[in-house]
Each structure stands twice: as C-alpha cells, then as structure tokens.
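Protein chains in written order, with the numbering used here: chain P, 1 to 312; chain C, 1001 to 1312; chain Y, 2001 to 2312.
Do not rely on the hints blindly, as some may be mistaken.
Stated by the list, open to error - List of simulated lysine-lysine pairs, DSS-like, C-alpha gap at most 30 angstroms: (1) C:LYS1169 - C:LYS1222; (2) P:LYS46 - C:LYS1266; (3) P:LYS264 - P:LYS169; (4) C:LYS1046 - P:LYS25; (5) P:LYS83 - Y:LYS2083; (6) C:LYS1285 - Y:LYS2083; (7) C:LYS1007 - P:LYS31; (8) Y:LYS2244 - P:LYS83.
Hints are computed from structural coordinates only; laboratory data are not their basis.
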Amino acid sequence: MTRFSLKHVYESQQFDLELLDIIFKVADEMKNDLLAKPRLYADVLKDKIMASLFYEPSTRTRFSFESAMARLGGSILTTENAKEFSSASKGETLYDSTSVMCGYADLIVMRHNEPGSAKMAAEVSSVPIINAGDGSGQHPTQALLDLYTIKDNFSTIDGLTFAMVGDLKYGRTVRSLSYLLTKYNNIKIYYVSPLVCKMDEDIKDYLTTNNVEWEEAGSLEKVLPLVDCVYMTRIQKERFHNLKDYEKASGKYILDVEKIKLMKQKSIIMHPLPRVDEISQEVDKDPRAQYFNQAVNGLYVRMALLYLLLDR
Amino acid sequence: MTRFSLKHVYESQQFDLELLDIIFKVADEMKNDLLAKPRLYADVLKDKIMASLFYEPSTRTRFSFESAMARLGGSILTTENAKEFSSASKGETLYDSTSVMCGYADLIVMRHNEPGSAKMAAEVSSVPIINAGDGSGQHPTQALLDLYTIKDNFSTIDGLTFAMVGDLKYGRTVRSLSYLLTKYNNIKIYYVSPLVCKMDEDIKDYLTTNNVEWEEAGSLEKVLPLVDCVYMTRIQKERFHNLKDYEKASGKYILDVEKIKLMKQKSIIMHPLPRVDEISQEVDKDPRAQYFNQAVNGLYVRMALLYLLLDR
Amino acid sequence: MTRFSLKHVYESQQFDLELLDIIFKVADEMKNDLLAKPRLYADVLKDKIMASLFYEPSTRTRFSFESAMARLGGSILTTENAKEFSSASKGETLYDSTSVMCGYADLIVMRHNEPGSAKMAAEVSSVPIINAGDGSGQHPTQALLDLYTIKDNFSTIDGLTFAMVGDLKYGRTVRSLSYLLTKYNNIKIYYVSPLVCKMDEDIKDYLTTNNVEWEEAGSLEKVLPLVDCVYMTRIQKERFHNLKDYEKASGKYILDVEKIKLMKQKSIIMHPLPRVDEISQEVDKDPRAQYFNQAVNGLYVRMALLYLLLDR
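If we strip away everything but chain P, and leave its shape as in the complex, we get (with noise of 0.2 angstroms):
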C-alpha cells in the first residue's frame, strides 16, 4: 500500500485522489471483514487512546468516532461538554489545552466552535488531530463518508451532477462536500436555497478554478429531475428576521414522496442528518434514501482514518 502520508485531518482540501482511494479502500475492506468476522479488529490499536474532544454538543459524530475507536480495540477518553466543563472556562487557550491533551492520547478528535481551530491545535500537536467539524468551517470526514456513500452506489463519481438543498451559507458539509468533488471530472452542482442562505462566494470560486460546473436555482422541482444526487440539509430558522419568511422559505425546501416522483430512478438522496422535517419521513422507505447508510458508512471511514493515522 501506498503510504498514507498525511499527519492530520482538518480540511478537505487536504486530499486528492490518491489519498482518497486509499482511504476507501481500507473502508471497503474493514466493511467487508467485519460483517463476516467481528473480531478481526479487536486487536489492532490495542495499545492505541483516542481522546473525543467536544467542545460543542454532537452526540452523533461523537459516538461515530468512538465506535470506530472500540471496533479497533482501542482506548476512548471522552468528554461531551469541554467547553462549558474543562479549563477552557477559565481562559486557557487551545494551544495550552492541546498540548497537555496530546500528552493524554494518541490521537485527537476534536469539535469546536471557531472555524480554523482543528487546524490551529494540529499546529501545536505532537499526536494526529481529526477535525469533527469547527463552527462554520469544515467536517472533512462527513465529507469523506459523503463522497464514500456516493463511490458506493455509482460506479464512478466522475460525470455526476449534483443538488445540494437548504442552508448553503453555515453548512459545513456541502461546503466540505463541494472542495472534495472538484477531484473529479465532468462534475455539476447545482445549488438550491433561499436567498439568505445562498453558498458563499469563496466555495464557487474554488469551483471555477477548479473547472466544476455549478449554478444556482431556486426551484426544487426544477433541479430534481437533472441530478444523479440530492443532498438536503437543514434550514435553521436562526437565519431569517421572522417566522414568516422562514416557513414560506423552509416549506419550499421539503422533500416528500411526491417530489422525489420527479427524480431519476437510479438516483441517491443524502442527508447529513440530524433531519427534522425536510425530507418526510415515508421517503425513508425508498430505495433511493441513502442517508441512514450515510451514518453507517461514517464508522467504515473513520476507522479506516483512525488506522491508517495510527498503525505505523
């Protein structure tokens, strides 16, 4: 195998094509192993402790991580709350807390509030620091189990054409998404969203550079029927000025089982999750719903991280 040569995992733009395939592929194997023998893995970071660093709540991501951790045998200290419940109240700063940390364990996993610390606590690490999203900035491994779920059910990701739905301003995973897909030829995006919560400039730049097709719609219906892929995401009602605005906003931007009558057959749809009422619950039924395999393949993928950043 190639080496894996990356130290720490804080952006997606980190990666190209050839640390993606290695990647996936340890996925595609530990998946295929553990189904048929559990025990497999339960030796193989044995010796190895994983510190969950939360400073933000996220119940999900958190036990993804660390039931990737336990699938490979490996030691977890965890903590749900830094923020509110460590040093942290009382004024030390990240660079302070991530060197005691990296004293602790062998590999960081780390959400926070503030855009750009994931990176900021590699700098001053001495152990591998995995970025489980920061603020408005990244969750690269949502990304990673993103584009994972998409290699999973289309023979190649080149010349698939896109729909990212919903809140293109604060989510992190399309934005992470949309930096991860520019590796790939002949890729569309089309970007779906109420105006207040359009995708930021610096993203469709990336893509011009990068020679990704995107456009913006505001139509759900109209775009449907073009793409390979629908990614829904939340809209928070935090982003608009009235209740109003955000139900006449947020109401366009469901996806039931008539909409998805409009979709390609051999379609995906994909939700970062948690969802609460964007996409209705009868279209779970569908064989095209993705989004619960989605949380399934995240365990794959980060046990494939955690092993190719630990076992040298």
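Using the hints, position chains C and Y against chain P.
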C-alpha cells in the same frame, strides 16, 4: 440451556418464570465465578459495543450497566445528558436517533423521560434495546434485580407478603416489581402511601386479574409486622401543594430503628436508592437491610442480561 | 519491592520518603518502558475498573487519570458532572453514593467541592479512593507529580529553595506540595502573593514544626534570583473586592521573558495549569519551563499509583 428468546427488554410484562429462571441462574453463576476468578469473563464480550443513551441523568444506573459491560470485556459509548447535548435538541425524532445509533453499537441501554419510549425504540432498532427507565413508565432491570435480591433471601418467592411504601403513583420501580410478582403464587401486597401518591388503578387491576391479593393502607406501623419484605421509596416534595402537607405525609413513612422492631426477624428491607431520609442511616447495620445488596446484585443481573442478549 | 502500604490516597500527609520512593521508582520504570514498548502494560489491569466520579468539572485531571488507566489496560466508568447529573442532586449523601459506587468499580477517583470529602469517602469505601481535588482542601496526586518533576530536574530535593507565587490561600496545589516538601532536608520556601491571598497559617505552622524554613515576600523580582524552582499559580478575580485591585495585584505576578532573566541558569519554572496570563507564552520555549512536562509526568505518576493500589 434453554434458548433465551427475548430480543429487547422494555417492560416487566415480557418476563415469564422460565425467562426469569434463566437470567437468575446466569447471574448466580457469574456472581460465584467473579468472586473466585475475576478475569474469567474479561473477554466474553470483547468485540461488542454497548451504548449508554441517557436522555435523563442517572449516574448510578448508568455505572451499573457500564460496570457489567466492562466486567464482560465489552466496549462502552456513553452520554450522560443526551437530551440537552445531542441532536435531540435540534428536533430529531427518537426514530431517527435510534436508527443511527444502532449502526454504532451492538446494544443500546436507554433512559428517557417519555413513558413508552424504549418500546418505541425497540420497534425500530436492529440491535437489542434495554429500558433503563422511561419516565413514569417502567424500569424493568430494577425489578429484575429486586426480584433477584428477594430470591436470594428467601428459599422461594411463592407465599411472600410485601409492603410497598412511599410514592407509589410516580415510582416506576414499585410498578415494575408489582408486574413481576404476578408470576408467583400466594403473593400479597400492601400499598402504603399518602393519598396523593396512591398506586394507580392499572396496576391494581392487573394484580386482581392475575390473582394477586392487594390492599391499601395508610399506616406503616400496622403493616410492618405482617410482611416479609418492606420496599421503601422516596416521596418527592413536588407531589404536594404545600410544604406542610409534604412534611406531615413524608414524616409518617420513615423507617427508623424503632419501627423496624415491629418487623419479623426473618424479613428484609429494600429500597431502589437513592434515599434521602426515608430510611435512617442507623438501619443500615441491621442484617435485614438489603438495599446496598440490591445495588451489587444489579451488577450481576445486568451482566446476565447483556450476556444473554449479546452472546449469540 | 517493599510492600505499598496505602489503601487510599486522600492527602499529602499520608506519604513518607519510603512511599514516595516506591511511587517514583515505579513511575520511572513505566516511563522508560512505555517509550520503548507501548504494549508492555496493555494487559496489566485488564480486569480492573476505575470510576471517575467528578462532582466538579476538570477535563484535564480526569483525562490524566483515565489515560493512565487505559495505558494499563483497565476499564473506565466516567462522569464529568456528578453533582448536577447524578443522585447527588436528589439529596443523596456521599456516604450512600460511595457505598453504591464501590460495588461497581475497583477504584474510585473523586473530585469534589467539599474539603475532606475524599477522606470521608475513604472511610466508607471497600475499594481504594484517590482524591483528585477536594475544594480548597488538597490535590495530593498533583503534589506527587510536582515532586516527581522536581526530582527529575535536580539530582536531589534536599537543599532546594522554592518560590510559590500567586493565589496561595485558595490554591490547593501549593498547600499539598508544601506538605510533601517537609519530608526533605534544608528546604526553603518563599511565599510570594498579594495580601488577600497569603498562605494560611496552618501550613506555615506545619512547616515550622517540621523544620522547613519559609518567608513571605511581596516582590517576585527580589525572590527570583534566589530560588531553584518558581511555582506559579493563577490569581482568581473573585478574590478581590474591585477590578482595579485585582489588575494591580495580578500584574505584579506575571512571569515574562524579562523576569526569567533574573532566574538562575539551572532553575525550573512550574505551573499546575491551566494558566491564563501569569506566564507569558514566550517563556514556553525556555528550557527551564517545565509545566508541560509536569502534565506528562502526571500520567506516569498516576499509572504508578493505580498499579500500586490495584495490582495486589
């Protein structure tokens, strides 16, 4: 061994005598083995992951389950305040949360504020769910360890007389235990409580239908000489309209060294803990006091359950 | 090896030179071994369970203990906010909580807001209790790792001169370390602090009784050239009646690159962490700065303690 047919544990009504026998036999065996050879079970569930999903705080119950899992060599994912800190606060349904979590763990222990939530989760989940308390609903593993403790003290449960004392309306432990006692013959239960927290009709009807004799009483002193087992519970201030009523009521249901003189020589005193002042501390030294033994027995009963649900 | 006679660790006064030697020898051994063969200790405490019972938040201290336990292969039960989330909030006594918890774990690490609580728990507990800080009381394992770090830097502790700086009244680390230093010969301690947070009389009396020379000083600059070790602590705003007094006082006790020029070439700078601004970040690069080493040493000292208390 007869095959253990349960997939989930959400309410006391699921258990029949055969299932109870299996659980208690395994618990007995583990209790004896662990005292002699603590490492004997250290690899039994080595490749299994248990998730503690606590939407309400309960360090005691959570530690009991996690200790049981650790003694069997399994891994643990834990959250002590899922409600406030997880995507539940973003409006996600229990249906979605469960669907995702069962991809990360091989078994989920759930404490939730809504009655019926564990059963609902069990309907969705691909992995076993254990109800660790669902609001004013049930707490079936507490009932199991209560029953196990009773069995440990008397040669047989048939023919025993009980007093359940305190907050019978909101105390789910006395509800769950009442259900379980219907499996045995010639049981009599005295329900001793202030008027505002009397046992609900549904339980009393269930007992009548299942040929268990019951009687309501206001005086603890009159009942004490008649019973083999007194099961004390805490009366909560919030149930009363004013503090005076509360103090008057709760004062009547305190077990102290004077009152236990009224009890039979061969009887036992139980409490699900935590206690505040409904049993005075001097009673702890009396050999009839079994409440700390209950806590220890909880460990073995939960080990047995985890083993029976997971080792397949 | 001499038999390790302690059952619990609740205060610095428990240690004599012989016990300190045993702990430091084991810590040294583990430090060397782990660098060379990280898997060497991965099964040592395989069948043991440690419970972190933190009534007050301290991610740093908690992770240090849990990392130590994980490196020795043990299991961990953890709670980061026992006070708010456990039955303590329902009015349960520490006596009851401890009685129950010692049925679930083989050792309890306790942080509590009440001075004396760890010692009280130790009186009830059937398993070892380690005090991880009891309010303004003590933090004995911090004192042990401080002493271990001093020993690591100087051939012998006898004859060294110390400055303890900052909040000496409420800082339990300087209290615990002062106790330990009485075990050595020809020690001199300068207590440098604002008037409102002077070292309490009990410690100064204890030093006098035990033939340790001490002196109070207001000026950091005057003391710095005289000492082998300066131990900085954070001054808390809450101690002062108004903000101006606080700013004036705390400003006087900041260690920066200018001030450390006054220190001996072969001296060390310590801090229990977290720091706010009492040591400027540029000082970190100076080889005399030992505060991040203290944190790392904490791991080995705690591994040694866990091993000595549990491997019997």
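Could you tell me which of the hints above the structure violates, numbers in ascending order?
-> Hint check: 2 fails alone, others pass.
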